[in-house]
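Asker: If you're matching them up, the sequences are chains A and B in order. Under the numbering used here, the first residue of the first sequence carries the number 1, and numbering increases by one thereafter. Under the numbering used here, the first residue of the second sequence carries the number 98, and numbering increases by one thereafter.
FYI, nobody ran anything at the bench for these hints, they're computed from the structure. Don't be surprised by glycine CBs; every beta carbon is placed ideally from N, CA and C. Incorrect hints may appear among the rest.
Anything over 10 Å on all C-beta distances counts as not near chain B; from chain A, calculated [to be verified]:
#1 Asn6
#2 Leu11
#3 Phe30
#4 Pro33
#5 His38
#6 Lys42
#7 Asp44
#8 Leu48
#9 Leu74
#10 Leu77
#11 Ala78
#12 Thr81
#13 Leu85
#14 Arg88
#15 Arg91
Looking from chain B toward chain A, a few residues come up when the C-beta cut is under 10 Å (computed) [said to hold, decoys possible]:
#16 Ile299
#17 Val301
#18 Ile303
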Amino acid sequence: MNIVTNTFTVLAITVGVFFFLAGTVGLLRFPDPLTRLHALTKADNLGLGLVVLGLVPQADAPLGALKLIAVWLLVQLAGATVAQLIAREARRGVSQA
Amino acid sequence: MTIVFALDCWIAVLVLAVASWTIMARGSFAAVVGFVAFGLLLTLVWVRLDAIDVALTEAAIGSGLTGALLLGAASRLPEAEFATQAQHSLLVPRVAAALLSAAVAGVLAGGVLLLPDPAPSLAPVADANAVATGLGNPVTNVLMAFRAMDTMLEKVVLVLALVGVWSLAQVRRSGAHPLPLHRPDRDSTLAFLARLLPPVGIVVGIYLLWEGADHPGGAFQGGAILAAMWLLVMMAGLGDAPSGSRGRLRLALICGPSVFLTIGLFGLWLGEAFLAYPAAYAKPLILAIEFAMTLTIALTLGLLVAAPRESAA
């Protein structure tokens, strides 16, 4: 049982880290703000989601697992809002230029 | 063990790199962004040192709130002025500043390296006397009981800082309604977040305050989160910054230090010492002070960020 959960944790976190890596590469390499935001939100969303998913079986108590999921949901909410705000400013900048 | 050690080294290198980048940054906005990233990395360092209380404070105050204050300052500082000033400043003062910084860093590093092993520590004494207050978090014990005087004066300083900001920013006197921080746009994404997040944030803030008795957390961390929620509502244009001349607001601002002082004087009256809590009531008294302080901290931190912008428009 322990081996199964540990393998699951390692797998999920590895995939999550891959999404963070891909998101960072996109942030550095994509040409304009909107595509960069697109890359960044994938890292927040899927990357952190998979890391949290991998950590949930390792939590001591169900409450700890719930807190991890709450952290993910809050980051989702903040990330989505900030992405919208930056995108709106970026579009305003393009239309003015 | 080796992987953990490598990770620690990596964090240390990153902290130094981001710190250097922040100093070298050309624009004031970029420097503030660097400073915030630096604060978040420093939070990781405190976590690795098992100082969770300090990590929470660093993330909330050092990085978050100070970052917001600096962003406000940077946005009012003309970018061109900053750049030309950086170019034209004389070589001698810059070299002198660099030498002074290097000397301070060297003395500090020497001080840390020359410490006897094991380093002098009051931690065992603090742990041994933890029973006196009935609180489980040693940091709260030190802050609220063993070094209560420092904590009380710190709260007074916080209120004084706000008085200073108010005097310099010339907040409008009674009658005039202070302006919102942001164009009120009630349908914007920010307004959506400002409606959704505060109920969660207020619960988390009070939870941190309550948990501070036995686990990492406390008045400062909880108060900072409450202040952030309040600022979010003001920035989204859903609520105005309150006028500084309102009596009730001023009463709430001094509530923390006054409750602290009253309970402290009560200890003197009981014949023990200033700020000595009667043993049977130590925990409830400390909790009462913490609740009053949280109110003061949340209001002061919120107004420190909100007040200067009132007079900008």
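Asker: Let me make sure I understand: some of the numbered hints might not hold for this structure. Which ones are they, in numerical order?
Answerer: 9, 10, 11, 12, 13, 14, 16 and 18
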